[in-house]
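Let the sequences and hints guide you as you build the complete structure.
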Amino acid sequence: MSAQAHMPLIELRGVTKTYGSGTAAFEALRGVDLDIEAGEMVAVMGASGSGKSTLMNLLGCLDTPTAGRYRFAGRPVEALSKDARALLRRHYLGFIFQGFNLLARTTALENVELPLIYRGVPRRQRRERARAALASVGLLRWQNHAPNELSGGQQQRVAVARALATDPAVLFADEPTGNLDSSTSVEIMELIQNLNRAEKITVVLVTHEPEMAGYARRTITIHDGLVASDVRSGDRPVSTEAA
Amino acid sequence: MFWEALGIALREIRRNLVRAFLTVLGVVIGVAAVVVMVNLGRGATASVTSQVESLGSNLLIVSPGRRMGPGGSSAPNFQRADARAIADRVTSAEAVAPMRNLGANVVYLQEDWSAQIVGTTPDYFAVAGWTVGQGRTFTAAESRAARPVCVLGQTLVDELFGAQDPLGAQIRLKRMSCEVIGTLVSKGQGAMGNDQDNVVVVPLTTLQRRLAGRSSDRDVSMIMISARDGVSSARVVREVADVLRERRGIQDGEDEDFSVLDTKQIADTLSSTSRILTVLLGAVAGISLLVGGIGIMNIMLVSVTERTREIGIRMSIGARPGEVMLQFLVEAVMLSAIGGLIGIVLALGSSYGLAQALGIPYTFDAQISLIAFTFSAAVGVIFGFVPARRAAGLDPIDALRHE
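If you're matching them up, the sequences are chains A and B in order. All residue numbers for the first sequence refer to the working numbering, where the first residue is 6 and numbers rise by one. All residue numbers for the second sequence refer to the working numbering, where the first residue is 268 and numbers rise by one.
Worth double-checking, as some hints may not be accurate.
Covered stretches of chain B (chain A as the covering partner; in silico rule of three or more C-beta atoms under 8 angstroms from a C-beta of chain A) [stated by the list, open to error]:
#1 578-592
#2 661-670
Sample of chain B residues with no beta-carbon within 12 angstroms of chain A, all distances over it, derived [what the hints assert, rightly or not]:
#3 R282
#4 T422
#5 R476
#6 R495
#7 P628
#8 A645
Taking CB as the label site, the calculated pair distances span [what the hints assert, rightly or not]:
#9 A203/A <-> T641/B: 54 to 64 angstroms
#10 S188/A <-> E573/B: 31 to 41 angstroms
#11 N184/A <-> I638/B: 47 to 57 angstroms
#12 T641/B <-> G44/A: 47 to 57 angstroms
#13 N153/A <-> A313/B: 55 to 65 angstroms
#14 R129/A <-> R542/B: 52 to 62 angstroms
#15 L557/B <-> N149/A: 40 to 50 angstroms
#16 N153/A <-> I543/B: 57 to 67 angstroms
#17 A109/A <-> I554/B: 32 to 42 angstroms
#18 N149/A <-> A313/B: 55 to 65 angstroms
#19 G79/A <-> Q634/B: 57 to 67 angstroms
Quick caveat, the hints were computed from the structure, so don't treat them as lab data. Yeah, the Cβ is synthetic: ideal placement off N, Cα and C, and Gly gets one too.
Here it is in structure tokens:
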């Protein structure tokens, strides 16, 4: 840890993102500096249009910054090609989305297997790992059901299983509870929090709900394309926050 | 990754089975059309060639009258002396056989059958490309002596004798009784659909003296000539024409009152005509295959739009653009290849049936089936490329947001 102490897992310096050009140009991010250490659980908050989704897309290597520097585990991401970024996502990142984004008409097990296919994991091993991931979210019984046969909470748990099947370095959760009722939301957030604590997976959680941000130890608030606040809190007990 | 893409493509096709079937229908019809057309075309070419070849190889047929148009019948027939003159003077001719045909009833015991009687010389059998089955053909001596001997075609053997041995039997031709000394191996149907085996061959002299009634029946109605190997048939035609012009007193610049047909030339003309037709029909069928390809492109484009979100998901979890492209390309190729396979199976069945119906020999051509299949797969690559590239070019963020 001491050798890597000065190299955060994620390092943003002066990152800007501009959409469009000329007079129609819109600056979604206007110079963001941000470090995220391995093992952290960070909530990114902000009103809609604040730039938090843009930040999430950049951090998740789905997009590249207009200017500035992004180092992922020391590697410059801003210069990477589409292909190289796809490989980086494949091997290091996991995603959970508000809309679940499972493949329709495809069983839960096959959905969880999907990222392992791209990693080139052999079929038998893939099955095993996907089953283990589904078991860890308590859905092994539902492995042969398609998403439309599952409840919202179950679908999101399949999505979590898909993300953790590859044992990613960073898990990006974009409004993971946005489409869920409050009790299911708690289940999902506890699941994610547990991944961070037990599996040491770095979690970046994008949300606009303070209760959900409360599951994280650190909350970054984005306002008008800039980091407005960056607050670290101790390990607050979950139950009181969620209430 | 390739096998995975294959699996995904198979599953995707199974999911929309009806749509997949309708999509590939164009390719099915295209491939089937190409294979059927080419198979039938080749069969027709082969049948024309073999029928003309059954007349005899390197064969010239000289007959009185102009080649085309009315008034040809007024030209006088040939005489045996004409045939002899050709045999003597045209050195490029291998053999010369004068012929005289008559239609007559052939009677054996209580059986009778209507057949062609051919009066000719011993050279005829070789010139016309006959093979002797049983017995022998008549000799030059028998021919000179106008002996009552005859050689039977297979049809007559079957009709008159059935399973009996025809050799040595006495049959009646008109008022003449003659001995069967040999039989001919079947040649099958002629170029005009006539039965070439329904024939009795007798010496020309026998026919002239014993069978022909009117004196006009006593001359020669046709002369068959075979050319020497390695001699161009055009040269033989020219030399034969020179001899006959002289003998028939035709002045330079005057039209001939006889014609010399070259069977090799006829065969070449007929088979090149049928080859051209084959190519044309194949090309038309190929166009329908292209149209089928456009159908595949259309559906694949729709499919890419429908599955934009799926593409976004795959990209977000680490699919490279090239892998997304491969997936759609494999799907397009698989669709068109399945279409190609169905088309070939369909084509084999229908070209067999059509060949039977049209009386053409059925020739299974593995090569054209392979070409058509390869072509259908190529159609998948070509027309799958644009949709696949569109899928690969999608931005994962936009694709994920797509509803």
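Here's how the hints hold up against the structure:
Check result for the stretch 578-592 of chain B against chain A: holds, 12 residues qualifying (beta carbon to beta carbon below 8 angstroms, three or more required). With 3 residues bearing a CB less than 8 angstroms from a CB of chain A, the stretch 661-670 of chain B meets the requirement of three and the coverage assertion stands. At roughly 6 angstroms from the closest C-beta of chain A, the C-beta of R282/B falls inside 12 angstroms, breaking its exclusion from the interface. Taking the minimum C-beta to C-beta distance to chain A, about 68 angstroms, the non-interface status of T422/B holds against the 12 angstroms cut.
No Cβ of chain A approaches the Cβ of R476/B within 12 angstroms, the least distance being about 92 angstroms, so the stated non-interface status holds. Against the 12 angstroms criterion, R495/B stays outside the reach of chain A, whose nearest CB is about 73 angstroms from its own CB. No beta-carbon of chain A comes within 12 angstroms of the beta-carbon of P628/B; the shortest separation is about 50 angstroms. With a least CB separation of 27 angstroms from chain A, A645/B remains clear of the 12 angstroms interface cut-off, as annotated.
Under the hint 54 to 64 angstroms, the C-beta atoms of A203/A and T641/B, about 56 angstroms apart, fit the expected range. At about 35 angstroms, the CB distance of S188/A to E573/B agrees with the hint of 31 to 41 angstroms. For the pair N184/A and I638/B, the supplied restraint of 47 to 57 angstroms holds, since their beta-carbon distance comes to about 54 angstroms. At about 56 angstroms, the CB distance of T641/B to G44/A agrees with the hint of 47 to 57 angstroms.
Our hint of 55 to 65 angstroms for N153/A and A313/B holds, since their Cβ atoms are close to 59 angstroms apart. One distance hint, 52 to 62 angstroms for the beta-carbon pair R129/A and R542/B, holds here, with the actual separation near 56 angstroms. Range check, L557/B to N149/A: about 43 angstroms between beta-carbon atoms, so the 40 to 50 angstroms window is met. The hinted window of 57 to 67 angstroms between N153/A and I543/B holds, with their beta carbons roughly 59 angstroms apart.
Between A109/A and I554/B the beta carbons are some 38 angstroms apart, a value that agrees with the proposed interval 32 to 42 angstroms. For the pair N149/A and A313/B, the supplied restraint of 55 to 65 angstroms holds, since their beta-carbon distance comes to about 57 angstroms. The hint said 57 to 67 angstroms for the Cβ distance between G79/A and Q634/B, and at roughly 59 angstroms that hint holds.
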